[in-house]
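Protein chains in written order, with my numbering: chain A, 1 to 366; chain B, 367 to 732.
Be a bit skeptical, because a hint or two may be false.
[Stated by the list, open to error] In silico BS3-like cross-links for lysine-lysine, where the CA-CA straight-line distance does not exceed 30 Å:
id, chain 1, residue 1, chain 2, residue 2
1, B, Lys494, A, Lys102
2, A, Lys253, A, Lys277
3, A, Lys128, B, Lys468
4, B, Lys628, B, Lys656
5, B, Lys643, B, Lys619
6, A, Lys128, B, Lys656
Honestly, the hints are just simulated from the structure, not real lab data.
What you are looking at is a predicted structure, and each value in this text was computed from that prediction instead of being measured.
Chain residues, written in single-letter form:
Number of protein chains: 2
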Amino acid sequence: MTNITRLAGMMAEIGADWAVLTGADSVCFATGHVVPIEIGQSPFSGGPTVAVVGRDGSAGLVCPNTDGGQGGPYEEIAYTGFANAVTDQVANYRAAVSDMVKRMGVSGAIAIEQSSFPYAIADLLSEKRIPMDVPLARLRAVKNDAEVGLMTFAAKVAAAGQDEARHLSVPGACEMDVFGRIRSKMEVMSNSRCAFAGEYITGVERTSQLGLPINDRSIELGDPVVCDLAPRVAGYWGDSCSSFIVGGNAPDKYLHMYNAAKSTLELAISELRPGLKVCDFDAQLRAHMKGLGYDYPHHSGHGIGTSVHEFPRLVPDETALFEENMFIMIEPGSYVPGLGGLRCEYMLRVTATGAEVSAPFEMSCQ
Amino acid sequence: MTNITRLAGMMAEIGADWAVLTGADSVCFATGHVVPIEIGQSPFSGGPTVAVVGRDGSAGLVCPNTDGGQGGPYEEIAYTGFANAVTDQVANYRAAVSDMVKRMGVSGAIAIEQSSFPYAIADLLSEKRIPMDVPLARLRAVKNDAEVGLMTFAAKVAAAGQDEARHLSVPGACEMDVFGRIRSKMEVMSNSRCAFAGEYITGVERTSQLGLPINDRSIELGDPVVCDLAPRVAGYWGDSCSSFIVGGNAPDKYLHMYNAAKSTLELAISELRPGLKVCDFDAQLRAHMKGLGYDYPHHSGHGIGTSVHEFPRLVPDETALFEENMFIMIEPGSYVPGLGGLRCEYMLRVTATGAEVSAPFEMSCQ
């Protein structure tokens, strides 16, 4: 079933006549149109790209002329954003949305995304508005067949980056340079430039902390490495994390900690299935890790799709149930001052009866 | 003078009591806070980061907790975006903006940016709104002393990328891989990950077209290369373009075309000065290029700052005047099927009496 059809079904449930999608991730989910995001909002846009979907399965897209023409199951208006002349992008954007609203006959109750719906087009649409953030997040969490293929490929691109990371993490190499080469490997594999989240952090002191930026540190023999790679490929995100010791020969204490995280990941692979409650699964993973003497101060994982973090997040109070064809990142880790940090992360697809790893890569610390 | 003080002056001119900045570029311009843009809107945000500036020079910032704490001349509220629990980011965002509005006493006439002002906070602010897009763009075009330093460094990072491009553009190398290594060089130099615009295109057929994506093409001896590098460093953009022949030995026809673009760039350097009308300058450059037998189907250049393309754009109908401390990209080029393409682009700072190249790099085609 196409996502436009699925959206139409959701709209019927929440009583919306039309949906106006304005998040780059939701636009891609609905239409397949990939909004360029790598430099933030385009300087040639007059506002966020808009996808309009009707309950009858009709769809329209309003985007700047700098990224129109991708083609898809929608009517497109590509307004003048870039021109060899002075132009008013906001006016062009508003005119294009207004045109689309008239062409498609958009009226009645309008479902909107609260975090991205722009003020600039509010007066062009009916004032009867229904927030769709929660039902849309739930709909997006379950992937259709085409999306399963896209997610699997994005996971494979991340896995290829992980292989490259092991080759390039050698004494004397520079953290930032290795990271760049890993990213380059993934972009060559996908034959496209990728938006990119993640981190590549080395050394005992740095890996035992969370959230540090990549820098120019020189890698040393025996360094722990935390390599978290998340590329966006054709609008869909891969994600992954491996941890290892440069040159192998992990100290016993690090190996023990590593095995705790790895066995927690293995537990997740064996236990994840449709119908399981997210908070129960999260508690099971945390308890397993705790039983081995470690814990992690973050989520156990998260959904992923056209956004790198999406519903459901694997946190202690999430009561949603897992469903078939959700893609779930599982990422137990441990971060101990003086010893270093690590995280073991695979992408899992929830199958009809269990779960499978979307794109395995080497998961050992030496 | 700080940009907050300059903004306060602008507000007095347009009759605004407060300015609510919501573009990532404008937030950085006003406060120095660098909004992460590399993966588009953060999945942990409830809406665009907001900077509030008062006519008295007071300033406030509302951002998700994932990028708070950068420090600057403003009061900050970092709302819960990322948490190890289920959380409603939109509600948190709205609450934080509402709190900031009360703390600062925001009322009266509110200046807004039309292309980014979010519907989600419209009801939290006075309904008397003044679009500030045009005056803000004009204000941002002229840099203060701190910005001159930031722009110059960003230009130097781009120039270092250009040097690297000449080293790496050898027969057998892969376009995407070379691009990745160039980017890596710039990120190592800036010791930070950079958002990145630009292109690295090779071969006669590909360089004679505009707007192609980088791909896995294998570079050949004698290929023309168009290397356009634009990194964002600490919130400010560098930009640059060089063109050259792999292995040197440019064909006479290419060399002739190259010299036309280069002499147009040299003319721009000698002619650019405060008080000159943009359209007159644009016409002068186009006429010079035309006189040598070539033309380009795009702008002659553009302003640059916290956005990679900003006011003024060098197009035939822009009647604004150049002012001291504008940073202007100048980029004459030519694209001829069967011969290839090229573009020669430097960043210029408008000085009190003329213009200077911010960060020169080798500008020859062989």
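*List in ascending order the numbers of the hints, as given earlier, that are violated by the structure.*
2, 5, 6
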